[in-house]
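Visitor: Here's the letter readout for the chains.
Protein chains: 2
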Amino acid sequence: MNVEISRLSNGLIVVTDPMAQLESAAIGVWVNSGARNESRTQMGISHMLEHMAFKGTRRRSARDIAEEIEAVGGFLNAYTSREQTAFHARTLKSDVPLALDILADILTEPTFEPDELERERQVVLQEIGQAKDTPDDIIFDYLQMVAYPDQPMGWPILGEEETVSRFARKDLIDYMATNYRAGSMVMIASGAVVHDAMLRLAEDKFAAYRAGEQPAAQPARFIGGEMHVGGDLEQAHVAYAFPGVSNLDADFYTAQVYVTALGGGMSSRLFQEAREKRGLCYTIYAFSHSAKDDGIVGVYTGTGEAEAAQIGAVIAGEMASLAETATVEEVERAKAQLKSSFLMGLERPSSRAELIAGHIFNYDRVLSVEEMTARLEAVDCAAVRRFGEQVMTSTVPALATVGPAGRLERYGNFAGRFGSRPTMRAAE
Amino acid sequence: MNVEISRLSNGLIVVTDPMAQLESAAIGVWVNSGARNESRTQMGISHMLEHMAFKGTRRRSARDIAEEIEAVGGFLNAYTSREQTAFHARTLKSDVPLALDILADILTEPTFEPDELERERQVVLQEIGQAKDTPDDIIFDYLQMVAYPDQPMGWPILGEEETVSRFARKDLIDYMATNYRAGSMVMIASGAVVHDAMLRLAEDKFAAYRAGEQPAAQPARFIGGEMHVGGDLEQAHVAYAFPGVSNLDADFYTAQVYVTALGGGMSSRLFQEAREKRGLCYTIYAFSHSAKDDGIVGVYTGTGEAEAAQIGAVIAGEMASLAETATVEEVERAKAQLKSSFLMGLERPSSRAELIAGHIFNYDRVLSVEEMTARLEAVDCAAVRRFGEQVMTSTVPALATVGPAGRLERYGNFAGRFGSRPTMRAAE
Numbered sequence: 001m002n003v004e005i006s007r008l009s010n011g012l013i014v015v016t017d018p019m020a021q022l023e024s025a026a027i028g029v030w031v032n033s034g035a036r037n038e039s040r041t042q043m044g045i046s047h048m049l050e051h052m053a054f055k056g057t058r059r060r061s062a063r064d065i066a067e068e069i070e071a072v073g074g075f076l077n078a079y080t081s082r083e084q085t086a087f088h089a090r091t092l093k094s095d096v097p098l099a100l101d102i103l104a105d106i107l108t109e110p111t112f113e114p115d116e117l118e119r120e121r122q123v124v125l126q127e128i129g130q131a132k133d134t135p136d137d138i139i140f141d142y143l144q145m146v147a148y149p150d151q152p153m154g155w156p157i158l159g160e161e162e163t164v165s166r167f168a169r170k171d172l173i174d175y176m177a178t179n180y181r182a183g184s185m186v187m188i189a190s191g192a193v194v195h196d197a198m199l200r201l202a203e204d205k206f207a208a209y210r211a212g213e214q215p216a217a218q219p220a221r222f223i224g225g226e227m228h229v230g231g232d233l234e235q236a237h238v239a240y241a242f243p244g245v246s247n248l249d250a251d252f253y254t255a256q257v258y259v260t261a262l263g264g265g266m267s268s269r270l271f272q273e274a275r276e277k278r279g280l281c282y283t284i285y286a287f288s289h290s291a292k293d294d295g296i297v298g299v300y301t302g303t304g305e306a307e308a309a310q311i312g313a314v315i316a317g318e319m320a321s322l323a324e325t326a327t328v329e330e331v332e333r334a335k336a337q338l339k340s341s342f343l344m345g346l347e348r349p350s351s352r353a354e355l356i357a358g359h360i361f362n363y364d365r366v367l368s369v370e371e372m373t374a375r376l377e378a379v380d381c382a383a384v385r386r387f388g389e390q391v392m393t394s395t396v397p398a399l400a401t402v403g404p405a406g407r408l409e410r411y412g413n414f415a416g417r418f419g420s421r422p423t424m425r426a427a428e
Numbered sequence: 001m002n003v004e005i006s007r008l009s010n011g012l013i014v015v016t017d018p019m020a021q022l023e024s025a026a027i028g029v030w031v032n033s034g035a036r037n038e039s040r041t042q043m044g045i046s047h048m049l050e051h052m053a054f055k056g057t058r059r060r061s062a063r064d065i066a067e068e069i070e071a072v073g074g075f076l077n078a079y080t081s082r083e084q085t086a087f088h089a090r091t092l093k094s095d096v097p098l099a100l101d102i103l104a105d106i107l108t109e110p111t112f113e114p115d116e117l118e119r120e121r122q123v124v125l126q127e128i129g130q131a132k133d134t135p136d137d138i139i140f141d142y143l144q145m146v147a148y149p150d151q152p153m154g155w156p157i158l159g160e161e162e163t164v165s166r167f168a169r170k171d172l173i174d175y176m177a178t179n180y181r182a183g184s185m186v187m188i189a190s191g192a193v194v195h196d197a198m199l200r201l202a203e204d205k206f207a208a209y210r211a212g213e214q215p216a217a218q219p220a221r222f223i224g225g226e227m228h229v230g231g232d233l234e235q236a237h238v239a240y241a242f243p244g245v246s247n248l249d250a251d252f253y254t255a256q257v258y259v260t261a262l263g264g265g266m267s268s269r270l271f272q273e274a275r276e277k278r279g280l281c282y283t284i285y286a287f288s289h290s291a292k293d294d295g296i297v298g299v300y301t302g303t304g305e306a307e308a309a310q311i312g313a314v315i316a317g318e319m320a321s322l323a324e325t326a327t328v329e330e331v332e333r334a335k336a337q338l339k340s341s342f343l344m345g346l347e348r349p350s351s352r353a354e355l356i357a358g359h360i361f362n363y364d365r366v367l368s369v370e371e372m373t374a375r376l377e378a379v380d381c382a383a384v385r386r387f388g389e390q391v392m393t394s395t396v397p398a399l400a401t402v403g404p405a406g407r408l409e410r411y412g413n414f415a416g417r418f419g420s421r422p423t424m425r426a427a428e
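So the protein sequences, as listed, match chains A and B. Mapping the first sequence onto the working numbering, position 66 (from 1) lands on 66, and the numbers just tick up by one. Mapping the second sequence onto the working numbering, position 138 (from 1) lands on 138, and the numbers just tick up by one.
Hint data in this document are derived by calculation from the structure and do not stem from the laboratory. Be a bit skeptical, because a hint or two may be false.
Same chains, same names: a pair is fine if it fits in one copy or spans any two.
[To be verified] Below are the DMTMM-like pairs computed for lysine to aspartate or glutamate, each with C-alpha atoms no more than 20 angstroms apart in a straight line:
1) 277 x 115
2) 93 x 347
3) 339 x 23
4) 93 x 68
5) 277 x 118
6) 132 x 232
All chains, please: the whole structure from these sequences, using the hints.
Guide: In structure tokens:
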């Protein structure tokens, strides 16, 4: 990556990441604000604002926005996460200025027209319904709530029916004025783009954007516990989480290697034990989710009602065993997998832009490919075992289930398998 | 695309699609056999075979297969569709020979060991459970069953609990001997690859593969009707289908443009009417699915229990209106969207390999990018209207619902909105 970085006088950062051979580009504006920047009554407002940005500006109706970008074969999209909101486009290189004009328009002059708000509220309520009908997705909202109860870090990104039903135009305007500040925003273009041209466009569109930064979010604190949601489902969907690493943690890559060895591919311990050897599930995987100041590692699986009886012991057993017996071979294999999926991701402009956004918000700079791969390469077997032992010392994991999970090992039993060092467990 | 094509003496086709600038490749073997090549008692066996191929060969255990490919950071995967089964890998260019060695191994010498079959059967039963817990996915199985009842074209790809529970080792061997024939297989490599080297590898691995072609599948015949599946869900998931186009149909691209204008993006008629104007849903889209001899066009949406009352009339209304009033502007917009997503897809080696497989099986050659874009460009507003009118003449659409769809317009009412030419409807 040969990125060039500039900063407008109001603080907005402009990053250009040219990719030779491409005829298209991914371009977007990332705002360093998401669900965890909301108060309790604002729950879901970041996401509602993301929707409403597309519903009309002083210069364009919602239909104009859709028609203009699609007339040139472009794609306009947006997403809200816990820490960020992104507005981005994918176009042929000749249409980058148009895409940026639309992005700037929806970010600088959205009208949040009350009639449109009423209609979009219904759309978001439908989106919440759709999420609830997707158990292997909604379970991560429940897991987050249990890991971070009564904290913005635990809010569901879509909000709740109750909060979404109450947002008024003024709430959106206030939230935007507080959180959408040039010093907390970055414009990124990856692909067939040139920095000077991008910088001129950024000056033109964003130089007048309100300066300053958004207020810091409340620090996250992992608490843990359990949450069970019923439902007439075929499978028991089960997710566990343990304290993990922040984006800034020295063990960031150790955690990645750890979860890959635990449950990251066909050769991982959980895939081999739970699926290949015992046939308990079709999907099982481990994950590491990091935020700026905290993170979780955990495991998700969808298993049968009867099979659920075994799965807790299998997961805890493989976690304990990995902490004690991780081999050089499996650690190197996990690193090779992570490295190649990282390098293949760099072939896609949208993945690159997203990677860059994370770097800017977390490190205030863009890490080089060499630096990232060197940090990954530096993880060794001892580090993975040490990290695994640290995870095993958790006393209060988070557990969420959806569906017929009545036969799952009780939370207290499962938690009792943790909280001590491996040598002590072995002596029991 | 600068593809080179060779054919081994047993009939197996080898296609190389070099992409300059890439350091990795997508390589795979596509077999021209899938769910529609199954008898009723074989329902799901194509997919079971796809799973069992990974469960061990004469030279490698299941664990060896997983570890060898992941040790070099490669990814091995497979999928089964109604017409094809694909085994493919993504690796750095230096590991292409290893990937091909493994692919050849699992295709030429799988052992289908009975103990492994028992375990994998449980995994597939879990996969069926997972599919049933994903209403916006399983609904397409139900829709297919209604469109093509009592025909292999309507079988669910995963099979049913009953059939999957009965497969024995001999069933897999018989199915493979019948359907996995060199004359019905193609090996494709896209990315950092060279034809001569690929051809030598193919000769080495596949020259002895059984010659011949698999028996032709039973022709598909669209019948239509309705199917309703309950479930304790938030949303009513609704899918309609109408007779569409085969891959060989002169209107193949017309159908693509039609469904894009109807429900392919934010500016499409259904998105504007059902979501933007009425707030009835979060997700709504139109699709065109084509097989070699037949196809369907249709619409899917997830809507609220109350909102479901309106959705049938909205969908039929937009279909009728598009057939009568499609504009040059919206047709050109749909073409621009299709063209740019097609061109962006060409940036990914795995998309290219899949595209090439479809061309070989459907056209016996690889269409050039110019030919495909020219066929797309040739679609005009008159063609879209004509195609839309033709869809409106369907007398027996297919309807599938999952969840609380009790207030949805009755099937007979909905079907009554079709079956006549637009001018006749206008006169009613």
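Visitor: Hint numbers the structure violates, sorted upward?
Guide: Violated: none.
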